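K.L.:
For the record, the sequence lines run as chains P and E.
Residue numbers for the first sequence follow our numbering, beginning at 483 and rising by one.
Residue numbers for the second sequence follow our numbering, beginning at 25 and rising by one.
In case anyone wonders, no lab produced these hints; they're calculated from the structure.
Some hints here could point you the wrong way.
[What the hints assert, rightly or not] If you want a taste of the chain P side facing chain E, the calculated C-beta under 7 Å gives, among others:
1. I666
2. V669
3. T847
4. E855
For clarity, every value in this text was computed on a predicted model and none was experimentally measured.
We put the CB at the ideal spot given by N, CA and C, even for glycine.
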Amino acid sequence: MHDISKLIEPDHVHRSVYTDQEIFDTEMQRIFESTWVYCGHESQVPNPGDYYSVRIGRQPLIMLRGADRKIRVLYNRCPHRGVQLCGSQSGNVGSSLVCSYHAWSFRLDGSVKSIPLPAGYAGTRMTPDNPDCSVKSVARVDAYRGFVFASLGAAGPTLLEFLGEARIGFDDMCDRSPLGEVEIVPVCHRVIQHSNWKFFMENQLDALHPSVTHQSTGVAAARVERAMREHDRTPPLYYHYLSAFASPFEKWDSVQTVGFPHGHGLLRGYMGLRPDDADTKEYVAQMHAAYGEEKAEGFLDRNIHHVLVYPYLSIQSPLQQLRCLRPLAPNKTLSEIWHFRLKGVSPAIYQRALWYFNLVNSPATLINADDLENWTRGQRGLESNGGDWVSFHRNFGGDTQEGDVTYSNNGTSEAVMRNQFKAWAQYMGMGS
Amino acid sequence: MKTPTLTDKLRQDSVVLEATADRTGAQAIEHDHVARTTNRAGDQPRLAAVAITPETARLYCSVQQFLAQQAELLDRKQWRAYIDLFTPEGMYWMPANAEQTSWLDEPSIFAEDRSLMEVRMGRLTHPNAWSQAPVWMTSHVVGSVVLEQHEGMEVIVRSRFHATELRRDSTRSFVGTYRHVLTTKRGELEIVLQRVDLVNSAAPFDYVIQAWL
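Same shape as in the complex, but just chain P (with noise of 0.2 Å):
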């Protein structure tokens, strides 16, 4: 086993942090098979006996919605032999569980309903008032303004405590709903990057690589913006959404990061997302309406591009996105992205998200080709001997310190992701 504080430094980490299978199993059992992880949201099961297929580390399990409507997580797995109880990603198991190999049943709870022929256990110690007749279920379920986590550890933080400062993430993509909630919209897209899962989590704070990595798409739709400017046609605001990532280095180093306990971050915003017009106009009006003004505009002011749920998730809450990172391998990781609708608005506001769902998000992407690249070529260039650091120097020791959060002073300073490796290490065991 490596020596794992040998590993990192405040300003540089080793590469094998990357790229170790040692390291990665190490990392499934002592953070994502710990600590709290995202699920999925409440309306993916609203019905009784609804049931979602969700990984956590290297554990398949399932979310599932109870006859007394409860959301349980349960491990995907029958007592008996261990053949999982669900075989697709999502659907509705009825009234009960059954398994597809001896017919053992399990009521939504998890306890057993059912063996056939049950005299062929007696005398033995598999008999059903023992609990391990039924479905394992999680050490802990909670959910934050309707996003379902799990803990398979028992111990720890809540997920209040857990979440922190980063649940302005939930609170900024509720908010934005007059009736303060969202629901899911039922699509999934789920792509594989060939690369570790912290390049994902680094990326997403990462105010100097846009212009670099989208320096294509940006320049590529600025001029056909400018072509409609032209022709006195106005561009709709997703050109701008994709422009914006093209701005120079100055303007990306004014954008400002924020690093929380547990790895958590955030990165202000940068698009103007909220337009003159008919739609935008009676959406404030409603908005107004249901929290008075002075809430509404404090809700309607938040400037965050997204935050980011150490280790795998990054909320993008004024567009209603999220993407739920699920490793698979050192050099391999699956990543779930999901569009939320913000209940009570008209379709105009929704839309107006859905742009840059389809333009970012989705597996056509016109943004993250390049990004998926640049982590593929990471993730080679790390299996390399020709270095062993990864650096993280930029505007090291240039950032604010207030309390335990990191603000900093240059949106382009690595803080952010040296605040994810310094919680990295107190998950790993190299205290604080």
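Please build the complex by placing chain E on the supplied structure of chain P, with the hints as guidance.
P.N.:
Relative to chain P, chain E alone:
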């Protein structure tokens, strides 16, 4: 007496009789509630086909050639000529699933008018489109062409495609259905709407899709 051997013991036929008790075993297992996947081509499970007459046969040939040429333009990366196959208001649409009926209210994989297609072309041809550096090429086969409908200047055509992509060291397949709404309003065949239903749209994408399929 001789001890029976294993062969002796197996001599007696074993027969499973029909269940005599109340529903047990196979009769008693609750039905799985998960909906089974339907295999639908495009937005409507229609199997309509225009009757082949000397006139429609000519149209059928033109349409087949049009589809083959469209695929060829993709494989040769002739993006400008490809975009020009669409009418000024034409749309290229790849829904996220076969049940979708509109790109306005649901997430799509692609929902691009000609202006957005210009952006995609601009990206693909930019020297710093980093993902374009590795070897990247495709080969399309379009077949099973059926004229669904022909009314005035509008023709609706259904077909199946198989596209193989080589990128860096790996090969991927994309398969599915095309549904073209074509018009002859300006003489030549042009695309009003091309709907592309990928069979593998619900599977995880290994990397992303860079160009229209």
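K.L.:
All hints are to be evaluated individually against the structure, with a verdict given for each.
P.N.:
These are the hints, each one checked on the structure:
1. I666: For I666/P, the interface hint is violated, since the closest Cβ of chain E sits about 11 Å away, which is over 7 Å.
2. V669: holds (4 Å)
3. T847: holds (5 Å)
4. E855: holds (4 Å)
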